[in-house]
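Novice: Residue strings, one per chain:
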Amino acid sequence: MLMKGRAHVYPRAHINTDEIIPARYLTSDDEAELATHAMEDIDAGFVKSVCAGDFVVSSQDFGCGSSREHAVWALRGAGVQAVIADSFARIFFRNAINNGYAAIELPGASEKISSGDELEVDLEKGYIRNVTTSETYAFTPFPPFVVEMLRCGGLLRKIAGAKKG
Amino acid sequence: MTITEKILAAHSGRETVRPGEIVEADIDIFMGHDVTTPPAISMLEEQGIDTVFDRERIVLVPDHFVPNKDIKSAELAKRLREFAHKHAIPHYFEVGRNGVCHAILPEKGFVLPGTTIVCPDSHTCTHGAFGAFSTGIGSTDAAAVLATGKLWFKVPESMLFVVSGTLPEGVYSKDIILSIIADIGVDGALYRAMEFSGPAISALSMEARMTVTNMAIEAGGKSGIIAADEKTDDYLRGRARKAYTPVASDEDAVYVSEHMYDVSALEPLVAVPHLPSNGRPARELAGVRIDQVVIGSCTNGRIEDLRIAADLLEGNVVAPTVRALVIPASTEVWTDAMKEGLFEIFTDAGAAVSLPTCGPCLGGHMGILAKGERCVATTNRNFVGRMGHPESEVYLASPATAAASAIAGSIADPRDYL
Ligand code: SF4
Chain A
1 MLMKGRAHVY
11 PRAHINTDEI
21 IPARYLTSDD
31 EAELATHAME
41 DIDAGFVKSV
51 CAGDFVVSSQ
61 DFGCGSSREH
71 AVWALRGAGV
81 QAVIADSFAR
91 IFFRNAINNG
101 YAAIELPGAS
111 EKISSGDELE
121 VDLEKGYIRN
131 VTTSETYAFT
141 PFPPFVVEML
151 RCGGLLRKIA
161 GAKKG
Chain B
1 MTITEKILAA
11 HSGRETVRPG
21 EIVEADIDIF
31 MGHDVTTPPA
41 ISMLEEQGID
51 TVFDRERIVL
61 VPDHFVPNKD
71 IKSAELAKRL
81 REFAHKHAIP
91 HYFEVGRNGV
101 CHAILPEKGF
111 VLPGTTIVCP
121 DSHTCTHGAF
131 GAFSTGIGST
141 DAAAVLATGK
151 LWFKVPESML
161 FVVSGTLPEG
171 VYSKDIILSI
181 IADIGVDGAL
191 YRAMEFSGPA
201 ISALSMEARM
211 TVTNMAIEAG
221 GKSGIIAADE
231 KTDDYLRGRA
241 RKAYTPVASD
251 EDAVYVSEHM
261 YDVSALEPLV
271 AVPHLPSNGR
281 PARELAGVRI
291 DQVVIGSCTN
301 GRIEDLRIAA
311 DLLEGNVVAP
321 TVRALVIPAS
331 TEVWTDAMKE
341 GLFEIFTDAG
351 AAVSLPTCGP
361 CLGGHMGILA
371 KGERCVATTN
381 RNFVGRMGHP
391 ESEVYLASPA
401 TAAASAIAGS
411 IADPRDYL
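Chains A and B are the protein sequences, given in the same order.
The numbering of the first sequence is our numbering, which starts it at 1 and goes up by one.
The numbering of the second sequence is our numbering, which starts it at 1 and goes up by one.
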């Protein structure tokens with residue numbers, strides 16, 4: 001499963017879910033509506049500049065704070081194909097995987113990658129190719145449990161599949 | 001094994017578990033609120049899953065945007081209520097009997113030592129104060145638990161925090177946890193269980209312990225936990241819904257790190273914007289002008305917190321430039337405060353008393369900040385825009401520091417008002 005897109009780099013650590021999707025918009029859980037406010041409190045221009053298939057790249061502890069899965073939905077709705085970060089906050093990581101959405105841990109990601117870089121990501125083989133700089137970065141491939149979740153399209157589909165036998 | 005490992009092992013049918021292993025654990029209690037559970041309900045509907053795992057073990061508490069702040073939040077609350085009715089869920093706490101979900105759950109005796117508790121809310125770590133494994137999850141997780149009563153976990157490594165010494169006057173459990181987070185940072189406990197022990201923890205009331213475990217997530221922790229003792233039993237007497245078996249860490253339990261603190265010289269702290277780890281002595285910030293004070297939330301909105309605030313406010317007045325909001329965390333706290341005469345103290349001092357709600361804590365309603373405004377709050381997060389405009393500021397503190405600041409009109413050390 002090869003993904004291609006452009007990087008939007010936010011090099012700061014601890015970007016929290018209140019910045020990814022502010023609580024004032026949590027009266028909705030509609031992905032398309034949430035998407036119009038993605039990253040609003042950290043970069044008001046994000047939604048205009050992001051194209052379908054792009055990546056968000058950040059530093060440590062991305063997605064810390066509240067448990068709102070709305071953060072994953074807002075990014076996905078805005079067209080972000082996957083998030084690449086030095087490290088993730090636990091619940092954000094869980095929410096991403098449970099949605100069959102890739103959260104890729106790559107130490108030093110925000111230093112290696114610049115905004116606008118073209119990236120190719122291979123989830124199964126565990127590498128990111130930076131087409132712009134011709135560099136390749138390896139990341140630890142996901143454990144089998146997680147790969148299965150990504151393949152099923154998330155936790156609930158997996159459960160519903162099991163229930164139906 | 002640690003207390004956390006033992007609970008997870010017992011709930012996944014295993015003799016032992018090791019950190020890093022992925023287990024599927026039985027969930028004793030699922031709790032849901034009006035923001036993150038309605039999406040889970042929609043997911044269940046989409047997948048055609050029409051039954052819940054056990055209606056007796058589901059607790060639903062609208063708290064974030066209730067009483068409904070607008071039409072959209074009314075729709076959210078309605079989806080939660082209709083789900084409760086459809087499945088005849090007995091433990092649904094409607095407005096008038098509700099409160100912040102993390103205040104309701106222990107108060108109503110659902111939180112028991114040795115059990116597993118999940119809720120799609122990051123501050124679910126609060127319930128670890130009772131020696132339970134309790135952690136925040138997402139909405140998809142919530143749907144999975146509602147359907148199956150089980151959830152996958154990576155067994156966390158545990159960090160041990162041994163807190164000794166005696167808290168000086170004017171210094172509280174909020175200051176302990178702010179100092180620990182300042183020490184280890186907002187990701188100092190990422191993915192890990194934070195186990196708290198030591199004489200200074202044992203000396204805390206259950207309410208004060210909940211303030212400590214509540215903020216484990218602010219250090220990135222998966223959970224916070226304190227082994228049950230006599231105080232836990234005393235609190236649970238007459239409340240516990242079931243018999244329980246407390247669990248404690250073994251003598252030879254393995255911790256990824258151990259941290260020793262002595263609180264004897266601790267000062268009242270204030271976490272300045274925009275991270276909970278920015279704790280600084282209140283004294284150093286004296287004179288920073290404020291516009292609002294909020295005393296409430298799942299961190300510090302319990303009766304003991306209100307008593308502390310009332311003690312300082314009694315015979316004083318809130319500075320004319322400040323709006324002071326007191327928000328009891330639950331209906332029980334509200335009623336107790338009323339009966340004890342605390343409302344009179346608050347209103348005489350010029351503070352407003354609100355209904356139990358999360359309200360302004362997450363920038364929901366009932367006390368939103370305008371651009372450039374500053375608030376001292378007893379809540380747990382001071383992120384950008386947390387309480388309103390992205391250019392407003394939240395300073396985190398204990399109820400005593402918040403009350404002292406309300407009187408001063410600027411950040412103040414509560415010891416000057418004792
Ligand atoms: S009081 Fe604040 S932190 Fe606690 S559950 Fe409500 S919104 Fe979250």
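Certain hints may be false.
[What the hints assert, rightly or not] Calculated lysine-lysine pairs in the DSBU-like style (CA-CA distance at most 35 Å, straight line):
(1) A:K163 with B:K69
(2) B:K86 with A:K163
(3) A:K4 with B:K69
(4) A:K158 with B:K371
(5) B:K108 with B:K231
(6) B:K86 with A:K125
(7) A:K158 with B:K231
(8) A:K4 with B:K6
(9) A:K163 with B:K231
(10) B:K86 with B:K69
(11) B:K242 with A:K4
(12) B:K242 with A:K158
(13) B:K154 with A:K158
(14) A:K125 with A:K4
(15) A:K125 with B:K231
(16) A:K158 with B:K339
(17) B:K72 with A:K48
These aren't lab readings, by the way, just hints derived from the structure by calculation.
Novice: With reference to the structure, classify each hint as holding or not holding.
Specialist: Hint by hint, here is what the structure shows:
no. : hint               : result
1   : A:K163 with B:K69  : 38 Å, violated
2   : B:K86 with A:K163  : 21 Å, holds
3   : A:K4 with B:K69    : 42 Å, violated
4   : A:K158 with B:K371 : 45 Å, violated
5   : B:K108 with B:K231 : 16 Å, holds
6   : B:K86 with A:K125  : 46 Å, violated
7   : A:K158 with B:K231 : 43 Å, violated
8   : A:K4 with B:K6     : 44 Å, violated
9   : A:K163 with B:K231 : 43 Å, violated
10  : B:K86 with B:K69   : 24 Å, holds
11  : B:K242 with A:K4   : 54 Å, violated
12  : B:K242 with A:K158 : 33 Å, holds
13  : B:K154 with A:K158 : 18 Å, holds
14  : A:K125 with A:K4   : 15 Å, holds
15  : A:K125 with B:K231 : 53 Å, violated
16  : A:K158 with B:K339 : 51 Å, violated
17  : B:K72 with A:K48   : 25 Å, holds
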